[in-house]
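Q: Sequence:
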Amino acid sequence: MNDYHDRKSFNLHVLRSKIVNWKQGHEDNEHSQRAVDFLIKKLKNSDGVLDSLATVLLNPNYPSPCITIPPSVDKRIQIVYRKEFPHVVYCRLWRFADLQNYHELVPSSQCRYPFSPGNNRNQKLVCINPYHYDRIPSQVLPSIIEPRINNENTPPTPPPSSYSPDQFDKRIQIVYRKEFPHVVYCRLWRFADLQNYHELVPSSKCRYPFSPGNNRNQKLVCINPYHYDRIPSQVLPSIIEPRINNENTPPTPPPSSYSPDQYSPQWTHHQILPPWCTINYYEYSNKVGEQFRASSSPIIVDGYTSPYRNFRKRFSLGLLENVKRQKGVEYVRASIGRGIELIEEPNGDVSIRNRSWSCSVFVQSILYNRLNGLSDSTVYHLQSRRSIPSIFNLSIITQLVNNPSATYESILDLTKLCTIQVSFKYGWGYDFGQREITSTPCWLSILINEPLRLIDTRLQQLQPQQATTSS
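Taking this note's numbering, the leading residue of the sequence shown gets 1, the next gets one more, and so forth.
Calculated from the structure, these hints are not laboratory results.
Careful: at least some of the hints might be erroneous.
DSSO-like mimics (lysine-lysine), calculated; alpha carbons at most 27 Å apart, straight line [said to hold, decoys possible]:
no., residue 1, residue 2
1, Lys124, Lys287
2, Lys42, Lys83
3, Lys205, Lys287
4, Lys287, Lys327
5, Lys75, Lys44
6, Lys124, Lys75
7, Lys124, Lys42
8, Lys205, Lys219
9, Lys287, Lys313
10, Lys124, Lys83
11, Lys75, Lys205
Using the sequences provided together with the hints, build the complete structure.
A: This is the structure in structure tokens:
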């Protein structure tokens, strides 16, 4: 009996030693240790399973059995503040250090209990053996969807000829975004600057063209990029209207009933906005400090306290005091470090980059979500040293503002497309535990000023009767 306990203790020591020796740039050791402790707790009462896991980690090149745990209701496990699928956690921990999510993994032929992402309630066990999963080559994932630091010079893999969509949702999820499949591969292999599916029409040789409606009889969708043609930008329909000249109607003051969102910076008509963006910092639902008006690009928002060398280009949150600051806020502020970088491109688009070595950033842009066919509430998990290009698209807003059929209310509604929200360390929404961004310890509201100026000018040009609702 003592030999058994000694061997069991040795295996626990092996697991913990593996954590100590394991190193990954964007993870912390606390998360790794918690993940191992969670697994040991699940396996310690199963005879021989810990021995098998230790053998797998010490001898990864030899055949090994499934290492299984029972799945939860939503099939995820919560480690510290993250909730992820278990096989992803342990594949990242012991094999693929830069793994993003389960879309990059496929079970090997020897796995008897592979993870199933669907609503399969009959699945009683899930294998978390990292050597029972193979990784999909990263070059098949579009860089515009999952930004990477190092560019790979490998040629793209030829696209498959067709794709079978889910019965209820025709989009596929690539890393942190969900898009229609033909858009993903047309952008990857043919039209690099493609915005969304409105710009594509199937060619005459396409037998299985994508249908955006609720056609549940569609069993296959063609994703061959050379079976789709692109519509010229001048004739795009729907929300992307062609640019026109402003009407020469006399300006009319807007009604006084409009109240901007309580967490967005205030703006008024006839206001001159030379800075290209305005940044407000919040701790939970409390605004802290003064607005930062960015007049140069790029702008850095960091957690440091010494911005004086480049004070016009840096918004250092470490300088901001709050006498009612909570303990959880201090923890997040200490982890912000190098923070984020906001870049105004020459064409007016805005990009965002996470400069931190260890702190995750969570980003929401309603305009970006709509252009990609996603819900307004979608939040992107931007890991360290990664970026999202064109998180805000000025040309689209310009076309919407100049839409001749737009009403006063529809133009006014465009103001919410001019805000980008960013939280540090903790996300919000369906996937992250906190329902609203005001439930996160530290976050930013970033207002893009140029489109607001365009909206302000357009509102003044609308007829008085367009600004009122008939009874």
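Q: If a hint holds in the structure, say so; if it doesn't, say that too.
A: Hint check:
| no. | hint | result |
| --- | --- | --- |
| 1 | Lys124 <-> Lys287 | violated (47 Å) |
| 2 | Lys42 <-> Lys83 | holds (17 Å) |
| 3 | Lys205 <-> Lys287 | violated (57 Å) |
| 4 | Lys287 <-> Lys327 | holds (17 Å) |
| 5 | Lys75 <-> Lys44 | holds (20 Å) |
| 6 | Lys124 <-> Lys75 | holds (10 Å) |
| 7 | Lys124 <-> Lys42 | holds (14 Å) |
| 8 | Lys205 <-> Lys219 | holds (18 Å) |
| 9 | Lys287 <-> Lys313 | holds (21 Å) |
| 10 | Lys124 <-> Lys83 | holds (19 Å) |
| 11 | Lys75 <-> Lys205 | violated (42 Å) |
Figure legend: structure checked against the earlier numbered hints; hints not met, in rising order: 1, 3, 11.
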